[in-house]
Structures are given as C-alpha cells and as structure tokens.
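Chemist: Chains as they are written, first to last, in the numbering used here: chain B, 2 to 444; chain W, 2 to 444; chain F, 2 to 444; chain L, 40 to 151; chain S, 40 to 151; chain C, 40 to 151.
Among the hints, a few may not be true.
Stated by the list, open to error - With a straight-line cut-off of 25 Å between C-alpha atoms, the simulated SDA-like cross-links for lysine to any residue are:
| hint | chain 1 | residue 1 | chain 2 | residue 2 |
| --- | --- | --- | --- | --- |
| 1 | F | Lys417 | B | Leu288 |
| 2 | L | Lys79 | S | Gly63 |
| 3 | S | Lys79 | S | Thr65 |
| 4 | B | Lys227 | S | Gly87 |
| 5 | F | Lys342 | F | Pro233 |
| 6 | S | Lys41 | S | Gly66 |
| 7 | W | Lys296 | C | Gly80 |
| 8 | F | Lys417 | F | Met222 |
| 9 | B | Lys227 | C | Lys41 |
| 10 | S | Lys41 | L | Ile125 |
| 11 | C | Lys41 | S | Glu114 |
| 12 | F | Lys225 | F | Gly421 |
| 13 | L | Lys73 | S | Thr65 |
| 14 | W | Lys225 | W | Lys417 |
| 15 | W | Lys225 | W | Arg423 |
| 16 | L | Lys73 | C | Ala119 |
| 17 | C | Lys73 | C | Glu101 |
| 18 | C | Lys79 | C | Gly123 |
| 19 | F | Lys342 | F | Ala406 |
| 20 | F | Lys296 | W | Gly421 |
| 21 | C | Lys73 | C | Thr122 |
| 22 | S | Lys79 | B | Asp132 |
| 23 | L | Lys79 | F | Gly228 |
| 24 | L | Lys79 | F | Thr420 |
| 25 | F | Lys342 | F | Arg291 |
| 26 | C | Lys73 | L | Asp147 |
| 27 | S | Lys41 | C | Asp134 |
| 28 | L | Lys73 | F | Glu431 |
| 29 | W | Lys225 | W | Ile411 |
Claimed, not checked - Per label pair, the in silico range of CB-to-CB distance:
| hint | chain 1 | residue 1 | chain 2 | residue 2 | range |
| --- | --- | --- | --- | --- | --- |
| 30 | F | Gly120 | W | Phe113 | 53 to 59 Å |
| 31 | S | Gly123 | F | Val116 | 53 to 59 Å |
| 32 | C | Phe50 | S | Gly123 | 34 to 40 Å |
| 33 | F | Gly120 | B | Asn231 | 55 to 61 Å |
| 34 | C | Phe50 | S | Pro49 | 23 to 29 Å |
| 35 | F | Phe113 | B | Asp196 | 43 to 49 Å |
| 36 | B | Gly228 | W | Gly348 | 44 to 50 Å |
Claimed, not checked - Far from chain C, by Cβ distances over 10 Å, these chain W residues were calculated:
| hint | residue |
| --- | --- |
| 37 | Thr126 |
| 38 | Pro230 |
| 39 | Leu300 |
These are computed hints drawn from the structure, not numbers from a lab.
Being a predicted model, the structure only gives us computed values, none of them experimental.
Every residue gets a Cβ at the ideal spot worked out from N, C-alpha and C, and that includes glycine.
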Amino acid sequence: MRNALKLAGAAGLSLFAAMPAWAQEAAEAAPAVPNPGNNAWMMTSTVLVLMMIVPGLALFYGGLTRSKNMLSTMTQIGAVACFAMLIWVIYGYSLAFGDNTIAGAEGYIAGFSKVFLAGVTSDSTAATFSDEVISEYVFISFQMTFAAITIALVLGALVERFKFSAMMVFALVWLTIVYFPVAHMVWGTDGVFLDMGALDFAGGTVVHINAGVSALVAALMLGKRKGYPNEPMPPHSLTLTMVGTGLLWVGWFGFNAGSELEADGTAGLAMINTFVATASAGLFWMLTERVMGHKGSALGWCSGIIAGLVAVTPAAGNVGPFGAIVLGAIASIICYFFVSKVKPALGYDDSLDAFGIHGVGGIIGAIGTGVFHDAMFGGPGGDLALGAQVGVQALAVGTTIVWAAVGTFIAMIVAKALTGGRVSEEVEHEGLDIGEHGERAYN
Amino acid sequence: MRNALKLAGAAGLSLFAAMPAWAQEAAEAAPAVPNPGNNAWMMTSTVLVLMMIVPGLALFYGGLTRSKNMLSTMTQIGAVACFAMLIWVIYGYSLAFGDNTIAGAEGYIAGFSKVFLAGVTSDSTAATFSDEVISEYVFISFQMTFAAITIALVLGALVERFKFSAMMVFALVWLTIVYFPVAHMVWGTDGVFLDMGALDFAGGTVVHINAGVSALVAALMLGKRKGYPNEPMPPHSLTLTMVGTGLLWVGWFGFNAGSELEADGTAGLAMINTFVATASAGLFWMLTERVMGHKGSALGWCSGIIAGLVAVTPAAGNVGPFGAIVLGAIASIICYFFVSKVKPALGYDDSLDAFGIHGVGGIIGAIGTGVFHDAMFGGPGGDLALGAQVGVQALAVGTTIVWAAVGTFIAMIVAKALTGGRVSEEVEHEGLDIGEHGERAYN
Amino acid sequence: MRNALKLAGAAGLSLFAAMPAWAQEAAEAAPAVPNPGNNAWMMTSTVLVLMMIVPGLALFYGGLTRSKNMLSTMTQIGAVACFAMLIWVIYGYSLAFGDNTIAGAEGYIAGFSKVFLAGVTSDSTAATFSDEVISEYVFISFQMTFAAITIALVLGALVERFKFSAMMVFALVWLTIVYFPVAHMVWGTDGVFLDMGALDFAGGTVVHINAGVSALVAALMLGKRKGYPNEPMPPHSLTLTMVGTGLLWVGWFGFNAGSELEADGTAGLAMINTFVATASAGLFWMLTERVMGHKGSALGWCSGIIAGLVAVTPAAGNVGPFGAIVLGAIASIICYFFVSKVKPALGYDDSLDAFGIHGVGGIIGAIGTGVFHDAMFGGPGGDLALGAQVGVQALAVGTTIVWAAVGTFIAMIVAKALTGGRVSEEVEHEGLDIGEHGERAYN
Amino acid sequence: MKLIIAIIKPFKLDDVREALTGVGVTGMTVTEVKGFGRQKGQTEIYRGAEYSTNMVPKIKLEIACPADLVAGAVEAIKSAANTGAIGDGKIFVLDIGQAVRIRTGETDETAL
Amino acid sequence: MKLIIAIIKPFKLDDVREALTGVGVTGMTVTEVKGFGRQKGQTEIYRGAEYSTNMVPKIKLEIACPADLVAGAVEAIKSAANTGAIGDGKIFVLDIGQAVRIRTGETDETAL
Amino acid sequence: MKLIIAIIKPFKLDDVREALTGVGVTGMTVTEVKGFGRQKGQTEIYRGAEYSTNMVPKIKLEIACPADLVAGAVEAIKSAANTGAIGDGKIFVLDIGQAVRIRTGETDETAL
Ligand SMILES: Nc1ncnc2c1ncn2[C@@H]1O[C@H](COP(=O)(O)OP(=O)(O)O)[C@@H](O)[C@H]1O
Ligand SMILES: Nc1ncnc2c1ncn2[C@@H]1O[C@H](COP(=O)(O)OP(=O)(O)O)[C@@H](O)[C@H]1O
Ligand SMILES: Nc1ncnc2c1ncn2[C@@H]1O[C@H](COP(=O)(O)OP(=O)(O)O)[C@@H](O)[C@H]1O
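Generate coordinates for the entire structure from the input sequences, incorporating the hints supplied.
Modeler: Next comes the structure, spelled out in structure tokens:
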C-alpha cells in the first residue's frame, strides 16, 4: 500500500476530471457504496494472498526441507495462519486499523474500538486512496491474509526443529507486539511511517523486512539444526518448491496490485511491475550463478523470483517498469551473495533463508523504492528530492529492524519459557513429522 | 445461496436508499445489463470452484488413497466432473433452474423449457438477490461447477474399488434423480425449501448433505475395500492432501462468496466467515486430538479445514464472524468424533470420510445456521423465532437425507446392474491404476 | 480475441440500445475511464494465464518427462517465460501492438513507437471491442502472458535434450521473427488476418498453431532423444501431469474469457464454451481409447482436456455451447489418432506432443470456428457464407504454418550456431537436472 | 547359521512375518525389489507407446537364523506366501560364517 | 547352485537381462542400490551449499542358477554391462545351500 | 573373499563409511531397507486408524573384501554404528566364491 495521502489526492483529481458535472454532483451526494468492480478485485486479491500461504508458501518451504519434516513444515504454516486469522478478528484488526488510539502511543498503535469487529456490518465500508470505498469485511479479510503470511514467513528460519506449541506461543506474542504496531505505523491513518512520507506500496516493511529480521533473530536464539552445516540437507523436492514458487508469484498479484484497493490504472502499474521485476530477478540470479562459475540452477531461479517479488513489494505502484526491472536485478544479485557467501561465512542457520531473501530483499526494495520513484528513473513520483526520500525510507527501515528485533527477542523468550522452544534431539533426528504429528508425508 | 426472497427485498431497499432519485428512475427505466464488477466476480468465482475440483479435490482425495489407486481416484473425479458438465447443459440446468415446471412436481423440479440451453444468448441475464443481474451464461457456468463438484465428492466413499464405468452410470442416474431435484428445492424460485424459509447460503444441503448421505449409502451398498480395516492403508501422500486442502480452501471463496451473485458487502461477509470458521475448525480438530491424548496431526488440520468449510457453507452470509468461529469449532469437534470413533465402531468403509465430514459437517452447518443467524449470536438475521428457524432447517435437512438415500439406492442398483459396480479382486489388489487405466502414477 | 471490427460494432449497438438517452450522451462526452469491473476481470485473467505457465504447464510437461529431467523442464519453462516478459516490455509490445508501422510491412508488424513502453502511464487505456477501455498496463500485462506461454509451449517438443542456453537464444529470435509478427497479423488494428475477416477469439493461430508447428520443425532439427523410441520413457509422475492439466484448465478461462477484454455476456459465452468443449474432449479421448481396444487412461483424459482447450481457443466467443461440444469431440478424436498412430508411424520425436496436440488441435479449432460460427450450428454468427468463412480461416492457418516453419528454421540455425543446441550424450544420459543445473528434483 | 533369502509377493508380507514369528524367528530385513521370471508384468500405454515392463514388484526377506530353525522357517514361508499362482517367489538358503550384534558385540547365534 | 550378485550401471539393465536370457537364465531379482567406489558422484549445489554425494545409483541383480550355468552367466553380464568406464560394477558368486519354489514346493535346481 | 552384510541405522551411514575407508575398504553397495526386530516402530494415526508399522528404516551395506580385511572391517562397523540403543543392527559374514570387476575383467581379490 502506498503513501495514502499524497496519491489519494492525485487520483481523486484525475477521476473527477474525467466525469461530467452531473455525475460529480451525484458522487458527492450519494453515501459511499462500493463499486462492484473494486470489491470484486479486492476479493480476488484476498483469495490470491491466501493461495500464497496454502498451498504456495507451504510448498515452497516444504520442498526445501527434508522429507521427514515435510508435514511439520506445512502444518506449522497452515496452523499459524489459522491462528493469525482468529487473532486478527479478535483484536488484531482493531490494534492495527481501529479508529481510536491508545493514549501516548499515537502513530504506533490503534486502540480497542474495533475489538471483535465491533460495529462492522455488511454495509460498512473502508476508504480507498481515491474517494472510492470497498466493503469493510473485504478490507479486513485482505489485511488478515497479510498478517497470516507474515508470521508464516518467519518460520522459514525455524523449520526442522521448532516445536509446534512454541510456534503458536511465539505467533501470539509476535503478532501482538511486532506485527500490529508496525502495520499501524505503515498503514494507520496517523501512522508514523505514513506521516514521514515513507513509500511502501504493498507492505515491504511490515511484511518482508519485519519477517526477515524476526526470522534472523529467532534463528539465532533457537540455534542450528543438528548436523548443520556438515551433514548434507538437500531439498527433498525441488519440484514442489518450484510449484510453490509459481503459486507465490501468481498470488503476489493479489498482494501487490490488490494493495491499490481499486481496480484502476495504478493497480495495473503494480501488476506489470510485479511481472517484470520478478522476471528480471529470476534470470539475474541464474546469471550470477553462471558468472560465479556455477551452473544456473532451478533453486536459483526460484530464489531469484522470490527476491524480485520481495523487492518490488514496496515499489509496485511507486516506480516505472524499467525501474522495477533494475530493482529486481539488484535485489537478486545481492541476495545471491548474501545467501551463498555471507550466511555460510557467519555460520548461523537461517534454514530456508527467510532473512537472506525476505529481510535483505525487503531492505533493498524499500531503499530502491526511494530511488526509482523519481521521474528521472521512469517513476511516477515527479522530480523529487531524491536524497531526502531515500533518507525517509532508510529511517522507516531502521525503525522496523529495531522494532522487529526487540519484539522477536521477547516473543522467543516467552515461547521458550512456556514450551521449551525446540524439539528433543530424538524427535529432530527421527523427523518432526513422526515426532510431533505422528504421521509420514509419504507412504 | 441464501433465502432469495427475503434477503432480496432487504438488499434492494438499502441499495435504493443509497441512490439519488435520478439514478433510481434510470435504474427502473433501463433493461437489465450486468454490472461488469458483478459479472467479473461471478466469473472469478466459477473458475475458483473448478479449481476446487481439479486439482483441489483430486489431490485431497488422491493423496489419501494408496499410490496404486492415485490415478484412478484423480481420473474418476476429473471424468465425472466432465460428464456432469455435459449433462448440465443438456438438461440439468433446465431441470434445476428452468422457468416452467413439470405438472404435479411443482417446487420439486423445473421443466424442460431450457433443455439444450434453449433461448439463452450472450445477452440473457439471471437475476441476483437485489435488482441486479448477471449474464446467464455466467450463472449457468457457476451452477455447473456445483453439480460437478457434488457428484465428485460422493466418490470419496467409493474409491479404490468402484469401477470407472459404474461411476459414470451412477453419476447419470444420481444427478438426474437426486441432484437436480434437490437443487431446485433449494434454489428454484418456487423451490419447497426456499418456500419454507430454509436458510442455505451456498448450498450446504444440495452439495454437502446430499453428497455425504449419498456417499454413505453407496459405500454400504458397494462394500468395504478388501483388507479393510485390518490391512494398514495409510495415505500415500499427505503432502498432496495438504495441497488439495489449500486449494479447496482457496476455491471455496468462489463457492461461498460467489453464491451472493454480486460483489457486495454480503459477499464480503461470506468471505470473512469462510476465513474464520475454517481457521477455527482447523485448529479445533488438532486441539481435540491433543485433548484425546494424541498428537495434533497434519491430516487433522486438513480434516478440520474441510469440516469448517462444509459447516460454514450454508451459514456464510447468514451469520456473523464470531458465530462462524463457534460453528466451525463445533463442526470440527463433532466430525472428529464421528470419523475417529463412530465410524470404526460401526465398521462400514467410507474410505475418505465423505459422509463423516461432508454429511455430518453439512448437517451441523445447516442446523447451526438456524441458530447463529439470530442477532443474539451476532447474526444478520434480526431477532428471530429461533426455535422455528431451527425447525425449518431440520425439516430441510431431513427431507434431503431421505431424498438422497432413496435416490442413491436406485442409482447404485442401476450402476451395479449395468456394470457390476466393483472391480475384480485382482484389479483391486493390483491397484485400479494398472487395472482400470493401464498406467502407473509414479515411474 | 475475436474479429474486433465486426463484433465491436454489434456490441456497441446493443449496449447503446440498452441505455437511456442521458446516459448515452454522458458516455459520449466523458473521456474513457476503465470500468473497475472490466479492469478487475482483466487483471484476474492475466493472473490466470500466468498460473497456466507456472505452475500449470511446468507440471504438465514436467510430469511427462523422466525424473532426471524434471527440474530442467520446469526451469526452462520458467526462465523462458521470464525472458519473454522482459523482451515484451522492451520491444515486443511495440512490434505487436504499437501504433505506427514499419514502412512496407503494413499489416505484418507494427513499429518502434512504444519501445520501452514509451508514453504509457497509469492513465493510458486500451480500447475493448465495444466502446469501453481498460488500463493499458493491464492490457500489456495480459498480452505479455500470451507471448510467454507460447514460447514455453514450444519446449514440449524439445525437452530432455535441448540446452538451456540454446533455448534462450532460440526464444529471442523466435519471438522476434515469429511471435510478434503473427500476433500483429491477428490482433493489430491493421493486421492482415483481422483484415481478411479471420475469426480467432483468443489466439488459436498465434498461440497454438504457431507453437505447435514451431515445435515440430524444431524437434525435427534437434533430433530424437537418445534411445527413442526403443527405450521406455514413461512419464515420471502422471499425478503432477494431472495437477498441471487441472491448473491449465482453470487458467485457460483467463486466456479465453479474458480475450473479450470485458466482463460481459460474450465473456460468459467464452467461459461456458471453455467448460463444455473441454469436458467433451476429455471424455471423447477416453472413449476413443476404449473403442480402439485399450483402457481409458488418465493421460488420455489429460490429453483430451488439452486438445479441447486448444480447439475451443479460437472458437470461444464465436460458437454456441453445442458447437463447442462437437468441436471438442472432433479435436480430441483426431488428436488421439495423430499422437498414437501418425507420430509413431512417422518416427519423429515430438517428445510431449506439442505439435500433436497444440498444432493439430489448433488447426481443427481454427477451421471448426469457421463452421460452427454459423447460426445453423448454434453459433452467434448469423447465416454466413459458410464456405467463404472456412476459406478465410484456412488461409490464415496456412499463412501461420508457413511463417512459423520458416521462422523456426532460422531461429534453430542461430541457436545451434551459438550454443550447439543439444546437450552432450553424457548429460542427456545422466539427466539434464544434474548436467545443466547441478541439482536433483527429489532427494 | 544360515541366511534365508525369500522373494515373495508384496501383499503376503504380513502373513509371512506372522508365520515366521510363530516358528521363533525374531528379526528380519525387508527390501522392495523387482522380479523377473515366469510371471508377466503389466502392460502400460502412454499416448500409444506401449511398455511391457516384465518386472514385477516383489518383496525380498533376509532372515539370519540358527541352522536348526531353517526347516521350520522355510516351511512357514512356503505355506504363508503360497497363492498357487505364478510368481509366488523363491526361497534360497545360504551359509553365514559369522554374525555380530552391533549394539552388544554379541556374536554368532546369540547375535541373531 | 550358485547365487550371482551383480552390481551394474542402471542403464545397462535391459542389455544385461537380454544377455542373461540368451544363456538360459530364466529369472532374477533386481534392486535399486547406491554404490560407493572409485567412480565419483555428481556435485550438487543448493544456495551455495555443495554436496558431493560419493554415492552413485546402481542396479543390483541377484540370479540363482545351477553351477554349470555360472560361467556363461558371468560372461554374459561381463560383456553386456561393460562400457569400459569407471563404475561398471562387480560380479560376486556365492553358494546356495538350498532352493525352494514357493508355488509348487519344488526344491533345488528344479526350483530356479 | 568374504561378503560382509551390515544392517545399520540410516544416520550412521556416513560415520560407518568413513570408518571403513579408514581400514582399507574401497567400495561398498548400499540399500535402503526396512528392519523388523526388537526395536519397535513408530505409531502413526490417520483419522483414528492406528498403524504400528514394526518396520524401521535401516541401511544395508554389502562389502566384498579379502578375508584378511574382514576382522578390521567388522570392528570398524561395530564401533562406528554403535549407539548402545536397541536397533543398532547386525553384521553377517558370508563366503564369496568368485569375484569379477566388469570394467576390466579382473577376478577375485584384485577385482574388489
Ligand atoms: N533364478 C532366479 N534368481 C533369483 N530370483 C529369481 C529367480 N527366478 C525367479 N526369481 C524371483 O522369483 C520371482 C518369482 O518367479 P517366477 O518365475 O515369476 O514365478 P514362480 O515363483 O512361480 O516360479 C521373480 O519375480 C524373481 O524375483
Ligand atoms: N568392495 C565392494 N563391495 C561391494 N560392492 C562394491 C565394492 N566395490 C565396488 N562395489 C560396487 O561396485 C560399483 C562400482 O565400483 P567402482 O569402484 O566405482 O568402479 P569399478 O566397477 O570400475 O571398479 C560401486 O558403485 C559399488 O556399488
Ligand atoms: N534374524 C535377523 N535376520 C536378518 N536381519 C535381522 C535379524 N534380526 C534383526 N535384523 C535386522 O537388524 C535390525 C536391528 O535389530 P533389532 O532386533 O531391532 O535390534 P538389535 O540390533 O539391537 O538387536 C533389524 O531392524 C533388522 O533389520
């Protein structure tokens, strides 16, 4: 979702310019009713984001684990998404998007006015960035899927050893003290990031930097998988990982183009950028592998696709297609080095590179959005004070990093205290499928 | 799809209230043209329901069978869906939604006026519950996918032993004498269930109770799989079952929110309920497993998800989100006990629990809709005569059960007479993939 | 996409007939703003076509190869799609849909006016066939996916031996000299096929005949897989092929109904035809197998589904549902014989039958559209000079065949010259997954 | 000590294992194999390409046991695995020179 | 009676089976195995993590046959499986003490 | 020449292979098998249906080696594969009558 205030004005103007006088009057007179086209697009987008989680992310992550942990990986993703949805309607939506605020926390968190969705009915609407509205239930659902996927992304660093119960406790605390506040900072009408003019079209900060940094901190606190890095742990099914990659790409259009909240031309821009940044990133990862003396790999293609999607998330409606292509390429190359060189050098076990791709890619995307938004690079942003915008972006990024790191630290402490955090050595060795769920993925 | 008459009035009123006078006049004067937003949403919904069948249900069911029957399971689902589509356009749509009726069968079946889609063109429209319309071809397609998935669901009780040819004969008879009449009772403008005021938003009666009860009767008539229950028959790929579960959930939004026929706020309500009832049911199944002294399982999560989706189907636009959460939890717990305790105790072989989840969950959903529709439980139904509504719901359920049981009995008799019904012992033993299709799923 | 000029007129008329006078005036006065419903449907359609490529086609083709080439097949599809997307925004869109033309090539290719999407912004629109518009970025994205899937389809004839680098070079040349010109002939406002009145609703000529013929020529030039046809090369996972088939069917609604560019009744017609032609073709392939003394097979069902989808592509909005059913059946039967009898007799190695299904099915669809468009067969075309229309269709088909064959010949020469074209015997033997990508699909 | 190698039909595994337990065999090692012999494999057809595999899925059992148990074990396998149809499989008996239980280091008959 | 155990390259299976049929062998049992020896395995890289497996996919054949057939069978395998490249595999011959055909109860050479 | 057959726990494969290399073994053949013995398998439950498999995944090693290497090899396996817990596995030693290297035709000890 982009800078609401600024763009809302512009879109509103152009819309009105395109309408005859009688219609303008009518539009002003009538109470807001959602245009079915916008509602339809937002429902479609919501469904697409769910598809990113199950089966998308479940397959992407699951294929990368060993077969003895396949069900554990998929079930943790599925179950934590369910849990996030329930928390969301109980108090999450209120804390992130409620219309009052907790005194003293203005700009950082909303209040409890919409706990249990108080007051929302089928006729309630939520404003878009122009003067249109969509059904509030649709908006709540759309945003619900964002919360669900973000916590699921964190698991990428923790699979193959994190207890199911620990994950549930972690999710409860983390969503409450990390996700809802950061979501409010970016998307709340008085949110501090929005206020400082940070550009973040579809939630690069809230979703990817947040998840990536939290994944890193949690992985450090949880410790390495037994045998890592000496024992070979090749992906048990790159086929499934590729299926997951495809579904993530497909679903990401709901994520990015849906964040416009309308089926308009800016959504179209977000869509084309989500195509080309991703295509560029997929190819550039493989190219980088070649340049580094290796074969271009299938997992490289997948990794590039995700890196590109992550990087274009904040940029989607904020840059031009050729800015997006360059951004995708840069993100892909840097993530490649991070994942293949920096991580092994540092030796921590971010098992599926949740930080290496979502964290690093998210940061590149956020900063890059500040650059490529400029008209000079084909962006829709006019001639900006480039340096200033980049500074604002960096400030938002930095704040998110610190917030996520501290919050994750607390959430992990609680999770470990209540559940132990990590499965027993024996379960880790036999696999979490049998140990935690009493099943095998393949018979 | 919900109670058309009652809700249509309400929605119409609120819509008009929101429009200036000139627009009201215009709306009355102009012949009905579909709003592209509603048409778009309904086309999207239709596509989503197809995705529920292939690959959704095919994977969900297929993953639960043994690998030697994988292709048989998937092909039966795919082929019977194709067959249902052809029957639908030839005479099914006419019998269910045609505008005349067969004398003496008013309320139970429509007539032959639309056989071969007589009179339908690109300009034909179908009314929604407000005064909007959608393209009739879109409506026919949407409803076509409902017929196709319902017959496919029945197969869950019959896999691993039911002949392909028997399935085709069964489908022809069953659709004709069970599905089309029951669909008319629920959705026909003069349908008896509609007439008595039964609430069924998206077809819980027609689809799930119908399919579940038919599955049970057919399974009893077909007999157990050789070796059941002594021989272990673990799912050959819970991974694929989880993929199917995800796709079913994703597609179900077309099913439930699409049943509003418009992209309005009630569709939004159906959407959010389909999220939270399902999330709740997924977690409550796992929780019940824990309470019963077992591990929370991946298949438990999947089973809960489906139970929740089934239960929320009649309720989707008829209850509030917190009613939906409770309904999902109840359905999940009861289905758990049914599937894990009652079925083994009774000893019949409903192989993939088509009755245990769709039948039982459907009944809970139908009755529960009568309860949670009430404003007292956060439903949109105002203060109702709760007991009376529940009575009406129960009557519709009971009628469906009897109708489905009798019709299935006849259809199975015919299928067995013409084809033998069951594959030979040898084929059952070698697997239906080789025996019926001459292929292996994995090489 | 259908014959723009003719149908545009008709649709415009009926639309205006349905509007009150004040609205007609308003519509004339206002500059074109996309209706959100149409934009929403086109974005959904675009996403659906991407899903056809990844994971759809990747699984469909991948499942049919041996497991040692699974990743190679999927990665080639993914990477070539990415490459096509980048080429598309750089100069492809301009050459196919740009608004100037290269002197002397009028009707065959557009010019360079929109290279790098020059001049396109979020406010740019593209005309539909009535007097509506959609966002140009959405139109570009939609068409981008068509270019991407077409080149990916060609790979079906080349898998298990074609070098990754060769494929990239081939794609660059082929898109430039085959795809962009043929797309312009069919869809360009001055395109020669459009001009002669050829009917092609969703691109049967551009996509399927083009890809199929090119696949045949390329396969002949590349040579057979080592061991073909003596060594058994059974599909390594028909399960995944069936998943791919399901996703292709689901996505094809974006392809076909999306080609209307609006969410109107004609899109509804395209949708229902895409259901029933496909259902018919799926069943008729299995039936033909039975008639020929074999078992009806899972792969037969899949093959029929694809044959039906291919055949209905040019016909989607141009025939009635029962014409579509017949067309699907005919395509399925002929493709069956082509693939099972003619190909083995001729002895070339079109590995996954890209020509046998897309080429042959595409030709049947194109000619059949000329026949079933006629009102006599329930088509929307009125009483036409049937013979004349069929002649026009045949001319378009013939031109495409020659163009594709010559262009592919050139592209393969270039690819072979620059990269060698084919992997070494050793790599072919070990599998391209290890040899070209350094990975295994399953561990 | 002897090593009994038995090739049986896969669906007979449970019966055979029970029969062996009945005669005092306490352990065995099981491998999924493919057998080639008199029994003909199934024919698969994919888009007109026919593959008659000739290879039939079988289960191989390896049972180490003291010499005096061999006769009973062979008999047990023979009757439990028999269906009377072609492809029921074979039993081979080989000599074992030495046996060790890894956990305890016990050797020979006590190791089995 | 002898048990011939042969480890060969997977793609040689059909050739070897034909060669064996040629010298009168009527049955065999086939297992997918991994071999460790002089031949080096492929290197796989996943996001920078390199795995050199050292394990190469091989096919193991087990052929029970009368002693007088052994020389011919070994020769047949040797020539059919030979590519001249490292990793072609091995042949081992062991003694079988007893053989039984499960279906008929026939024993020893008639059981093969 | 002897054929050492060892059944071990899967996760011990790397350790055992290294230990064997250490005592001069240059090749071996590895098979994934399931073992039945004292060690109990895991219980799986699917919708209330409980399956206790009794079958535990194991790795089978086959090592052909000269007689004088056997003692060392057995010792190496024994110590590398030992965890002290039930299910560590077994080692069996059989006689090999003849050995051939397919690539070169070398026979007996030089073939190993
Ligand atoms: N000479 C042999 N050596 C090793 N295994 C054999 C031999 N002959 C048969 N087998 C195994 O026994 C199985 C059954 O043999 P087959 O000839 O098909 O039928 P039958 O058991 O009735 O003799 C084969 O599938 C194969 O696995
Ligand atoms: N000592 C051994 N015991 C058992 N199998 C062996 C032994 N040595 C080699 N093998 C098997 O033979 C295969 C080929 O051996 P290798 O040393 O790679 O090449 P070569 O066949 O040319 O000697 C190995 O992959 C392994 O399966
Ligand atoms: N008599 C036997 N013959 C062949 N294999 C055996 C035999 N007994 C045990 N095994 C193998 O050894 C493995 C370990 O045996 P088990 O009895 O579980 O424990 P332990 O190794 O501690 O004695 C079994 O899983 C099986 O594969």
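Chemist: Is the gap between the beta carbons of Phe50/C and Pro49/S within 23 to 29 Å?
Modeler: 26 Å, holds
Chemist: Given the hinted pair Lys225/W and Lys417/W, is their Cα-Cα distance within 25 Å?
Modeler: 15 Å, holds
Chemist: Hinted pair, alpha-carbon criterion (25 Å max): Lys73/C, Thr122/C. Please report holds or violated.
Modeler: 19 Å, holds
Chemist: Need the status of pair Lys225/W, Ile411/W: alpha-carbon distance at most 25 Å?
Modeler: 19 Å, holds
Chemist: Check the hint pairing Lys225/F with Gly421/F against an upper bound of 25 Å on the C-alpha distance.
Modeler: 15 Å, holds
Chemist: Next pair to validate is Lys417/F with Leu288/B; report whether the Cα-Cα distance is within 25 Å.
Modeler: Holds, at about 20 Å.
Chemist: Lys342/F and Ala406/F were given as a pair; does the straight-line alpha-carbon distance stay at or below 25 Å?
Modeler: 23 Å, holds
Chemist: With the threshold set at 25 Å, check whether the alpha-carbon distance from Lys73/C to Glu101/C stays at or below it.
Modeler: Given that 25 Å is the threshold and the Cα spacing comes to 15 Å, the pair holds.
Chemist: Cβ-Cβ distance between Gly123/S and Val116/F: within 53 to 59 Å?
Modeler: Between Gly123/S and Val116/F, where Cβ atoms are some 56 Å apart, the hint holds.
Chemist: For the pair Gly120/F and Asn231/B, does the Cβ-Cβ distance stay inside 55 to 61 Å?
Modeler: 57 Å, holds
Chemist: Is Lys342/F within 25 Å of Arg291/F, Cα to Cα?
Modeler: 15 Å, holds
Chemist: Measure nothing beyond the straight line between the CA atoms of Lys73/L and Glu431/F; if it is 25 Å or shorter, mark the hint as holding.
Modeler: Cα-Cα ~22 Å, so holds.
Checked against the numbered hints given earlier, this structure breaks hints 3, 9, 16, 22, 24, 38 and 39; the rest are met.
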